[in-house]
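*Asks:* For the sequence shown, the residue numbers in my numbering are 1 to 115.
Incorrect hints may have been included.
[To be verified] Using C-beta positions, here's what the derived DEER-type ranges look like:
{"hint": "1", "residue 1": "F5", "residue 2": "K35", "range": "12 to 22 Å"}
{"hint": "2", "residue 1": "K35", "residue 2": "Q9", "range": "28 to 38 Å"}
{"hint": "3", "residue 1": "N107", "residue 2": "R3", "range": "30 to 40 Å"}
{"hint": "4", "residue 1": "T108", "residue 2": "L39", "range": "29 to 39 Å"}
{"hint": "5", "residue 1": "S53", "residue 2": "I100", "range": "34 to 44 Å"}
It is worth saying that the hints were derived from the structure and are not from the lab.
For every residue, glycine included, the Cβ atom is placed at its ideal position computed from N, Cα and C.
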Amino acid sequence: MLRTFVVPQLQHRQCLTSTIFMQDGAPSHIHRFVKALLLQYFTDESVISRSFSNPWPSRSPDLTSCDFWLWGHLKNLIYHGDVATLNELKNSITLHARSITTDQPLNTLSIALKF
Numbered sequence: 001m002l003r004t005f006v007v008p009q010l011q012h013r014q015c016l017t018s019t020i021f022m023q024d025g026a027p028s029h030i031h032r033f034v035k036a037l038l039l040q041y042f043t044d045e046s047v048i049s050r051s052f053s054n055p056w057p058s059r060s061p062d063l064t065s066c067d068f069w070l071w072g073h074l075k076n077l078i079y080h081g082d083v084a085t086l087n088e089l090k091n092s093i094t095l096h097a098r099s100i101t102t103d104q105p106l107n108t109l110s111i112a113l114k115f
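Between the sequences and the hints, there should be enough to build the whole structure, so can you do that?
*Replies:* Structure representation (C-alpha cells):
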C-alpha cells in the first residue's frame, strides 16, 4: 500500500519531501524490510517510529484527535443508550457523528497542545 498508493499520491501532490510519516511501534511496522522501504522514500528524520531517529512519543494520545478524542466520545454516547440491533448501532453512530460541532475537536486539540 505504501509503495503502490501512499507514495504515488504524495508524489502527485508534490509533497513527498515535506511529509512526516508516523507509525506506531507494532512489530510488523518496524520490521527491517519496512524500515528499508520507508528509507527509500523518506529521510530518517521524517519518520516518527520506534526504530527511527524520532521515536513514537511515550504515552502518546496517538497524535490525532480521532484517537485522542473522537472514538472515546462516540463510544460514550452510543453505549450510554440501549442498542439492540446492528441497524440501531449504525443509526446511533451516524446520528452522534453528525451532531459533532467543529468547536468540539478544536477544543480537544487546544487541550492536547497544552500537554
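*Asks:* Confirm or reject each hint.
*Replies:* Structure-based check of all given hints:
no.	hint	verdict
1	F5 - K35: 12 to 22 Å	holds (19 Å)
2	K35 - Q9: 28 to 38 Å	violated (21 Å)
3	N107 - R3: 30 to 40 Å	holds (38 Å)
4	T108 - L39: 29 to 39 Å	holds (34 Å)
5	S53 - I100: 34 to 44 Å	holds (36 Å)
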